[in-house]
Structure formats: structure tokens, C-alpha cells
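Protein chains: 2
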Amino acid sequence: MSISQNNYIQTNSNMSNRYFETGIVMIGAGNVATHLAQAIDAQKIPIINVYSKTKHSAQQLANKLNTDYTTDINKIPAKADLYIIAVSDSAIASIVQNLEAQNKTVVHTAGSISIDVFKGFSQNYGVFYPLQTFTKNRTIDFSNIPICIETNNSLLEQKLTYLANSLSNNVYKIDSQKRKTLHLAAVFACNFANHMFSIASDILKQNNIDTNLLNSLINETAQKAIDLSPLKAQTGPAIRNDKDVIKNHLQMLKDRQEFEKIYRFVSDSIFNYNQEK
Amino acid sequence: MSISQNNYIQTNSNMSNRYFETGIVMIGAGNVATHLAQAIDAQKIPIINVYSKTKHSAQQLANKLNTDYTTDINKIPAKADLYIIAVSDSAIASIVQNLEAQNKTVVHTAGSISIDVFKGFSQNYGVFYPLQTFTKNRTIDFSNIPICIETNNSLLEQKLTYLANSLSNNVYKIDSQKRKTLHLAAVFACNFANHMFSIASDILKQNNIDTNLLNSLINETAQKAIDLSPLKAQTGPAIRNDKDVIKNHLQMLKDRQEFEKIYRFVSDSIFNYNQEK
Numbered sequence: 004m005s006i007s008q009n010n011y012i013q014t015n016s017n018m019s020n021r022y023f024e025t026g027i028v029m030i031g032a033g034n035v036a037t038h039l040a041q042a043i044d045a046q047k048i049p050i051i052n053v054y055s056k057t058k059h060s061a062q063q064l065a066n067k068l069n070t071d072y073t074t075d076i077n078k079i080p081a082k083a084d085l086y087i088i089a090v091s092d093s094a095i096a097s098i099v100q101n102l103e104a105q106n107k108t109v110v111h112t113a114g115s116i117s118i119d120v121f122k123g124f125s126q127n128y129g130v131f132y133p134l135q136t137f138t139k140n141r142t143i144d145f146s147n148i149p150i151c152i153e154t155n156n157s158l159l160e161q162k163l164t165y166l167a168n169s170l171s172n173n174v175y176k177i178d179s180q181k182r183k184t185l186h187l188a189a190v191f192a193c194n195f196a197n198h199m200f201s202i203a204s205d206i207l208k209q210n211n212i213d214t215n216l217l218n219s220l221i222n223e224t225a226q227k228a229i230d231l232s233p234l235k236a237q238t239g240p241a242i243r244n245d246k247d248v249i250k251n252h253l254q255m256l257k258d259r260q261e262f263e264k265i266y267r268f269v270s271d272s273i274f275n276y277n278q279e280k
Numbered sequence: 004m005s006i007s008q009n010n011y012i013q014t015n016s017n018m019s020n021r022y023f024e025t026g027i028v029m030i031g032a033g034n035v036a037t038h039l040a041q042a043i044d045a046q047k048i049p050i051i052n053v054y055s056k057t058k059h060s061a062q063q064l065a066n067k068l069n070t071d072y073t074t075d076i077n078k079i080p081a082k083a084d085l086y087i088i089a090v091s092d093s094a095i096a097s098i099v100q101n102l103e104a105q106n107k108t109v110v111h112t113a114g115s116i117s118i119d120v121f122k123g124f125s126q127n128y129g130v131f132y133p134l135q136t137f138t139k140n141r142t143i144d145f146s147n148i149p150i151c152i153e154t155n156n157s158l159l160e161q162k163l164t165y166l167a168n169s170l171s172n173n174v175y176k177i178d179s180q181k182r183k184t185l186h187l188a189a190v191f192a193c194n195f196a197n198h199m200f201s202i203a204s205d206i207l208k209q210n211n212i213d214t215n216l217l218n219s220l221i222n223e224t225a226q227k228a229i230d231l232s233p234l235k236a237q238t239g240p241a242i243r244n245d246k247d248v249i250k251n252h253l254q255m256l257k258d259r260q261e262f263e264k265i266y267r268f269v270s271d272s273i274f275n276y277n278q279e280k
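Quick mapping for you: the protein sequence lines, in order, are chains A and B. Going from the first sequence to the working numbering is simple: count from 1 and add 3. Going from the second sequence to the working numbering is simple: count from 1 and add 3.
Treat the hints with care, since some could be wrong.
Pairs count within a copy or across copies, as identical chains cannot be separated in the list.
[Unchecked claim] For lysine-lysine, the following DSSO-like pairs were computed, each having C-alpha atoms within a straight-line distance of at most 30 Å:
(1) K181 with K67
(2) K56 with K235
(3) K246 with K264
(4) K250 with K122
(5) K139 with K78
(6) K264 with K122
(7) K208 with K257
(8) K176 with K257
(9) K56 with K122
(10) K181 with K257
(11) K181 with K280
(12) K264 with K280
(13) K264 with K208
(14) K82 with K58
In short, the hints are calculated from the structure, not lab data.
Make a model of the complete structure from these sequences and hints.
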């Protein structure tokens, strides 16, 4: 295993699957759990049980994996190679407390939650964070998704690295503080960017214009940011400080106060930010 | 030519190139002019002259097209099939006034400028608006770019439709009011989304984290918005109203006041917007 400067990690490709002979228990059946379990299953690493407090979700995911499920946290298998907790951030702590995790190998998948959530509850723990936006029933190619790993010991690091490398070509060792920063950045890059797409789409709908007209632009906006860096990719009236266009746009938004405020505020930010650079 | 409900227009594919026997004069040599001229040239429609007040730009584009250039607006060819004005919005009006356009067929390429800018100056005028973000020295596939056409007469509409269809599969008839709306939406979908990518990237740089970690997320964010609609694609702490995560993120941004304000404001907007839907 090599760890390069930027913490990019790889395992030897012919390392045998000695880590997952018994199999994995998936705790959770939401977006992340579903995508992750299916990606693991596709690599012939067995998911031996799915837990969710919601029967329908547990059953649905278990069916996809052709495996068992339970809605009782006390009835999950006592022996497994790994317990993956992929539930909402706020539910992680209580799951950990109810898991009798002391002799289990456990990880969570959350960007915002520190590895320390496991302290005192388990001897063998870590984080397995796939940096992506997941929606059920949407096919995702895991091979390009960065998987960020953190563990409390090097043996588990090897095990998680093996698992991560079987799913993705981009595996990184990232500590809790950096993972929180990554998650914050992801909120801007994904959730906030998507809200800009929502507003754009809404403006067109309100004016009976086909929202598909934006598709090519949205696609190129993302590709250009990736290829050139967003700093070099920035265009538009705000960076040019084109006051006539900006005034006109604000006038067009006068009946959509929330959008008008975002327009004004983000335009100012673009101008100020790029002045400083 | 058929005009469907959403103003999607097509020409007969075996229509001969009778419209552009003499050729086109490109007025402007910036991002839009460069990409558009190259796309037209690639279709074997001749660009016979490039005008720019900046000699270097005019020369650079003319060289790419293997054609002539001038920096004197009075020295552009007096006869051409079409004069395309692809300059900054604020420069269009003065170009029109100096062009002796009365007997010329002229269009501009701007989202925000009304077709009426030509009124009184020409008898034969229109708008040819490619809805895309252009950066010099970046290859663009024109075939998916929506081209929005408006004219003051139907003969010119046919001519522009022919030109547009030779460049793109997405040609629309859009009036000035709708084009302004489209341009406003494009500012959100492109310029503002890109600023969110910039902030995300900046946050990572400040913390010595490889910005490439975001590439897969940025790509999927765009694809998901296109495939599902941005409304259905929205995820993250703001839409879940996850107060712990939001509070934590605001705390992490306390030394970047501008980013903190955007975080707070856009999160509120996401929550309010999706509550209403």
C-alpha cells in the first residue's frame, strides 16, 4: 500500500479477499446505504444482513441484494467482517450505543461526524465516506467516486482500503477535520449549485420556456469548472461588473424577492471574490 | 420548416446553401465571436472578414479562419450575406450606429439586448443567440447548443434557421422578452453555480485538500439536475433542515464572512423554496 503526498492510497491489485469471508452487515437502507451496498454486492463481497427501523426500506434493499433483513438492531448477526452504519447523521450516535459494538468492526459513512463517535463503544472503528450525492433508483458509477477513509488502527485501514479499492479508483486517507471541510465544500459544490439550477429552471417555467434549453449550459458549466478550475471558468455580468445587465435582471426579479436577494448577493460576491484574485 | 409548440424549428436537411454564397462578416473577436466563427467555418460557410478594434484579437481570429481582418469599421466589406455583431452588450448600439447598416443584413448574438437595437438602422435584422458559456481556447461541440433566433422578417428567419441548423440540433425561435428571461436563468445556472464551485474549491485549497476530490461530485450534480430536474435532485443539510450540521458549517466559516453569509442565505432559500413545492 502506498500513501502519496495527497493521501491517495492504493492496495496491491492481486491482494486476495481475505478480509470479507464472512460478510458485511449494512445498517441503514437509505440513499447512501442502498448505493454502497449494491456497489459492494457487485464486487462479490457478501452483504449478509440489512438493518433498518423502517421495514419497507430494509426489505427493499435486502431484496435487491438477495439477502436477509431485520428491523430489530438486537437481531443483526453477531459475527460479521464489518458493520457499515449508513444512516442519517443524527441517528449515528444512538445506533452506536445500541449496537453492542465493543467487539465489532464498525464504520460510519458520514462527512460531518467525527470518528470519535465510536470512542469507548468499539475497539475497531473507522469512517468510510464516499464523496457523492446519492439518489435512490439512479445508477451511479462508483469507480470515479472518491472514498475517504479514516481508522483507529492500521489493520482496519488495510481492510477498508481493500474494500474501497474494489469499488473506486480514488481512495484517500482523510482525517475527521479534513472530512468535515470536504463535506462543507461539497454542500457548496453540490447542494448550493443545484439550488442555482433550481432557480434557473423555475424562472423558465414561470415564463413558459422549455427548461431543457439549459441542459447544454449546465453540462458545460460543470465540465469547464472541472477542466479549467472554477476560478478561470467564471464568466457573466457580475465578474464584468456590467451594471446595465445586472440592473435589468434585478428589475425582472422584482416580484420574486428571494431570487432577487440571491441575485444581488451572489453577484456582489462574484465581483468581490474575483477582484481579490 | 416546422415550428412546434415549444418553438423548436428545423429546416429541410437537403436545402442547398443558397444563403451564404458571398459569405459572412464577423464583427467582434472575443469568446462568442471566436467560437461561432470557427463553428461556421467548419461548416464550409465562408467568413470573409473579421473586425475588431483590437488588432491582436482581429488578427488572431482571422488567422484561425484563414481570412482577412480590419480594425476600421468603415473598411469591412460592403457586401456580405450576413453581418454578425458578437461584441460586448454595451458596445452593440454604437457598432450598429457606425455600421451604415441600412442595406445590410445584421444580427447580434446577445441574450440581454432587444432586437429593437436595430430599429431605424437596418431593414433586415435579427438575433442569433447561442445559449452557452464560451471561453477562448476551449473546444466546444456546437451540435448540442441551443441557438435562439429572432428576426424582423420571415425571409431572414429562414436564412438564420439554415445557418443555425448547420451548427446545432437545437434551434429555437425566441422573442426578445423570452431571450432576456433565458439569459437571466443562464446567469443562475452557469455564473452563480460556478461561483458555488469556486467557493467549494477555495475552502479545500485553504485547508490543503486536493480540489480534484470534487470533480466527480460536480459532474454528478450537473447530470442529476439534467436527468431528474434540479427540484428532485436537491439533497443536503438545508433541505433536511439539519440544524446541527448547518450550525457546524457556519462555525467553520466564521473567518470567511462572505462565504458564511452565502451559506446562511442559500440554505434558508433551499429550505423555504422546497417547503413551498
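Against the structure, the hints:
Taking CA atoms no more than 30 Å apart as the test, K181 paired with K67 passes in neither setting, with 34 Å inside one copy and 46 Å between copies. In this assembly of identical chains, the alpha carbons of K56 and K235 lie at most 30 Å apart only when taken from different copies (25 Å versus 47 Å within one copy). When the C-alpha separation of K246 and K264 is checked against a cutoff of 30 Å, the pair qualifies both within a copy, at 16 Å, and between copies, at 23 Å. For a Cα distance limit of 30 Å, the shortest separation of K250 from K122 across copies, 23 Å, qualifies, whereas the shortest one inside one copy, 55 Å, does not.
Within a single copy, K139 and K78 get their C-alpha atoms as close as 26 Å, which meets the 30 Å cut-off; across copies the closest is 61 Å, which misses it. Proximity of K264 and K122 under a CA criterion of 30 Å is satisfied in neither setting, with 44 Å inside one chain copy and 34 Å between copies. In the homo-oligomer, the alpha carbons of K208 and K257 lie at most 30 Å apart inside one protomer (17 Å), although the nearest pairing across protomers, at 37 Å, exceeds that limit. With identical chains, the CA atoms of K176 and K257 are at most 30 Å apart between copies only, with a shortest distance of 26 Å across copies and 48 Å within one.
Taking the shortest alpha-carbon separations for K56 and K122, only the intra-copy value of 24 Å comes in at or below 30 Å, while the best inter-copy value is 68 Å. In this homomeric assembly, K181 and K257 come within 30 Å of each other (Cα to Cα) only across copies, at 17 Å, whereas the closest approach inside a single copy is 41 Å. In the homo-oligomer, the alpha carbons of K181 and K280 lie at most 30 Å apart inside one protomer (24 Å), although the nearest pairing across protomers, at 35 Å, exceeds that limit. Both within a single protomer and between protomers do K264 and K280 lie at most 30 Å apart by alpha-carbon distance, with minima of 24 Å and 20 Å respectively.
Taking the shortest Cα distances, K264 and K208 sit within 30 Å of each other both inside one copy (20 Å) and across copies (28 Å). For the homomeric pair K82 and K58, the shortest alpha-carbon distance inside one copy (22 Å) is at most 30 Å, but the shortest distance between copies (75 Å) is not.
Comparing the model with each earlier hint shows violations of hints 1 and 6; every other hint is respected.
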